[in-house]
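Chains A and B supply the protein sequences, listed in that same order.
Okay, so the first sequence: first residue is 84 according to our numbering, each after it adds one.
Okay, so the second sequence: first residue is 84 according to our numbering, each after it adds one.
In short, the hints are calculated from the structure, not lab data.
Hints should not be assumed to be uniformly reliable.
Because identical chains cannot be distinguished in the list, a pair is counted as satisfied if it fits within a single copy or across any two copies.
[Stated by the list, open to error] In the PhoX-like style, the derived pairs of lysine-lysine whose C-alpha atoms are separated by at most 25 Å in a straight line are:
hint, residue 1, residue 2
1, Lys360, Lys388
2, Lys268, Lys353
3, Lys375, Lys166
4, Lys268, Lys319
5, Lys243, Lys457
6, Lys360, Lys143
7, Lys273, Lys414
8, Lys122, Lys100
9, Lys353, Lys143
10, Lys223, Lys166
11, Lys223, Lys100
12, Lys223, Lys457
13, Lys360, Lys243
14, Lys342, Lys353
There are 2 protein chains.
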Amino acid sequence: MENAYFPLLIPMSFMTKEAEHVEGFAPEVAVVTHAGGEKLQEPLAVRPTSETIIGHMMGKWVESWRDLPLRLNQWCNVMRWEKTTRPFLRTSEFLWQEGHSVYAAAEEAEEETLNMLRLYEEFAKNVLCMPVLTGRKTEKEKFAGAVATYGMEAMMHDGKSLQSGTSHYLGQNFSKAFGVQFTDKDGTLKYGYTMSYGVSTRLIGAIIMTHGDQRGLVLPPPVAPVQVIIVPIAQKKEGVLAACERLAASLKEAGIRVKVDDSDNSPGWKFNEWEMKGVPVRIELGPRDIEKDVMTVSRRDGFGKEEVSLQNAAETVKGILSDLSEALYQKAEKRMQERIVPAETLDGLLEAVNGGNFVKAGWCGCRACEDKVKEFSQATARVMAKENTAETCVACGAPSVHTVFFARAY
Amino acid sequence: MENAYFPLLIPMSFMTKEAEHVEGFAPEVAVVTHAGGEKLQEPLAVRPTSETIIGHMMGKWVESWRDLPLRLNQWCNVMRWEKTTRPFLRTSEFLWQEGHSVYAAAEEAEEETLNMLRLYEEFAKNVLCMPVLTGRKTEKEKFAGAVATYGMEAMMHDGKSLQSGTSHYLGQNFSKAFGVQFTDKDGTLKYGYTMSYGVSTRLIGAIIMTHGDQRGLVLPPPVAPVQVIIVPIAQKKEGVLAACERLAASLKEAGIRVKVDDSDNSPGWKFNEWEMKGVPVRIELGPRDIEKDVMTVSRRDGFGKEEVSLQNAAETVKGILSDLSEALYQKAEKRMQERIVPAETLDGLLEAVNGGNFVKAGWCGCRACEDKVKEFSQATARVMAKENTAETCVACGAPSVHTVFFARAY
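So that you can see chain A by itself, here it is in the shape it has in the complex:
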């Protein structure tokens, strides 16, 4: 895989080459009509996503089976004009990573689509300490221009779902629109199969809404910019600040991101400040601690204070950060599992959703029933379960074809 960068502005004529794609994205595109003091001959879209412009270049670059697979990744800003916005969760501009690959065979592109979904799921779990549901999206909810979209959904505090990453199998829809053709080993000219996938700064919102509490942020240790804050107690007393700095140096050497707050504020003020900012571990160090060769450690998830030896401090703190990561994940996982409830009727579904739950229910597979669920409850089909375990459609009572996780979503 290669990192690459493509232009921000996409000619509107590119956008219209894939019919479903333009239908889906045109209504939320921001358009540059003037530049350099003149009206442009063709308006340019601020990229809402880059399938079209990357497809255009793939069409030029791919010639032979030897050029495949071509796997590109771009880190950039994108823009989707939203009627209502929410910080981090839904913003007109956001930063993301978008991967785009083209393969010779459909199966390869499909496999990569699922690989990336799995990679996102592992990232959510191991790095963000955040459990997610993954699965295929319904036709209604899929990406504009995709054959199949897979998503991962995270449960927020309030029981709403946040789409936190998607991976799309695009079939030949974009390769045909942009002439991404290659000469195969047998000498014949074929269209490639493409796929794309992305996660965005929305994940910052997911962290806040998964782990945060009444006192502020709770940042997962693997991504916390400051993992450990050291608050000196009676810091004017001789030797206190020096001891804090020594401790910080030893933690830093072990790869821990640590800061000493030696500002003039009171310890109580500092506690609140760093709690609000979500720092995972706080260490207090004062004259009495130093005398006893201990430090007083608090975890941001609120398990009280603990006195531990200053000997092997780095190892101890690493263990605490690791335990905290696991605890954050388990707490969120437990909440999510408890709040996934079955329903067999629309009334049952509505009641469950009103109670801040995800609903696992049967669906006959028709669009009318999917629309009916939304109309009745404002819940949408987030992802389909891997197996159909329900008997009947929650909306019409016909035999269930897919078991679906329904929820209200951000």
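Knowing the structure of chain A, use the given hints to seat chain B on it.
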């Protein structure tokens, strides 16, 4: 210093708050007029630089002397609509780093302006192996809205200059425009002093045009994505590929970015390919080398082949990469020094510039003479020398006030 991210789109009304700034940038701005299917009430500029939107936020964030200095840095794309473009050197969109700081005192902001210029100069030298001239820009050439602009200029192969980084002291121009005020220790309300600085993907162009040769790129070892390419000779012979992989593993372990080209192409084809791509060091390894426990090493700057022992290969290669970095710098530095020539008349200046040189000449300090130089030779004032060592103005013969480096520029 904190990394931060600000919006891509800037309300046109922000742009117009600093008079010189809007005058300088308005002609090259791309404008979003429509979004979400509707005409916007106020057109939005795609950021050409972010002084205005960051100034707007600094105006909200800064309240007390305790908030200062506020030092922000942003990695992003910017857009300046150019009539003529050149890959990497002048493109409508480019990626850059832009730093923006606000200080309580003018001297602090001025000092930081020079610090950043020095940091850029060291980066150019130590990382890009690229000598640069640094100094203050003339009024004509300074950043729109700055009190003083400092630049670094690099000499390209053809004797043209490339502005490769700039650092601006903005005084109170932007703090007054955006109300960046703080309550000082004495209780009075004061405007802050701001400065900004940036380098862009133009540096990629600078690398190409400084070090490249007829055979293609020559990448400085510190930034080369592949520092060492290993080309197996008679790679079908037993043990050859395995030996190459062992060598690669040992180099990789020492932190060297290395690749084995085990494709079906011929060694000659591979040599050309990797030379064109600018890989600093090539290692050939074949049955005869392996038997003798040696490898054949070539430097991209063309000092022929050398047989060296496979023992301590990583250490040897590190030494070669380091020597090559130094040699690239020295070669470019020698060329630049040889091609900076004095001139006392416009005719002399024109002849020197036509010969692919920078000209170091006196200037009386008036705009008319600066314009005359450009009209006569298409050369512009790149930077002013730290000291005035010239006697008379190259254009009018009056006493010299500044000694200036003139050159044609990209």
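Each hint, compared with the structure:
With identical chains, the CA atoms of Lys360 and Lys388 are at most 25 Å apart within one copy only, with a shortest distance of 19 Å there and 58 Å across copies. For the homomeric pair Lys268 and Lys353, the shortest alpha-carbon distance between copies (22 Å) is at most 25 Å, but the shortest distance inside one copy (67 Å) is not. Taking identical chains as interchangeable, the C-alpha atoms of Lys375 and Lys166 are never at most 25 Å apart, the minima being 59 Å within one chain and 71 Å between chains. In this assembly of identical chains, Lys268 and Lys319 lie within 25 Å of each other by CA distance solely across copies; the values are 22 Å between and 76 Å within a copy.
When the C-alpha separation of Lys243 and Lys457 is checked against a cutoff of 25 Å, the pair qualifies only within one copy, where the shortest distance is 14 Å, while the shortest distance between copies is 64 Å. For the homomeric pair Lys360 and Lys143, the shortest alpha-carbon distance between copies (20 Å) is at most 25 Å, but the shortest distance inside one copy (48 Å) is not. Taking the closest pair of Cα atoms, Lys273 and Lys414 never come within 25 Å of each other, the shortest separation being 50 Å inside a single copy and 49 Å across copies. Taking the shortest alpha-carbon separations for Lys122 and Lys100, both the intra-copy value of 23 Å and the inter-copy value of 24 Å come in at or below 25 Å.
In this assembly of identical chains, Lys353 and Lys143 lie within 25 Å of each other by CA distance solely across copies; the values are 23 Å between and 57 Å within a copy. For a Cα distance limit of 25 Å, the shortest separation of Lys223 from Lys166 inside one copy, 20 Å, qualifies, whereas the shortest one across copies, 44 Å, does not. Taking CA atoms no more than 25 Å apart as the test, Lys223 paired with Lys100 passes inside one copy only; the shortest distance there is 21 Å, against 46 Å between copies. In the homo-oligomer, the alpha carbons of Lys223 and Lys457 lie at most 25 Å apart inside one protomer (12 Å), although the nearest pairing across protomers, at 62 Å, exceeds that limit.
Taking the shortest alpha-carbon separations for Lys360 and Lys243, only the intra-copy value of 24 Å comes in at or below 25 Å, while the best inter-copy value is 50 Å. Taking the closest pair of Cα atoms, Lys342 and Lys353 come within 25 Å of each other only inside a single copy of the chain (12 Å); across copies the shortest separation is 50 Å, beyond that limit.
Of the numbered hints given earlier, the model fails hints 3 and 7; all others are met.
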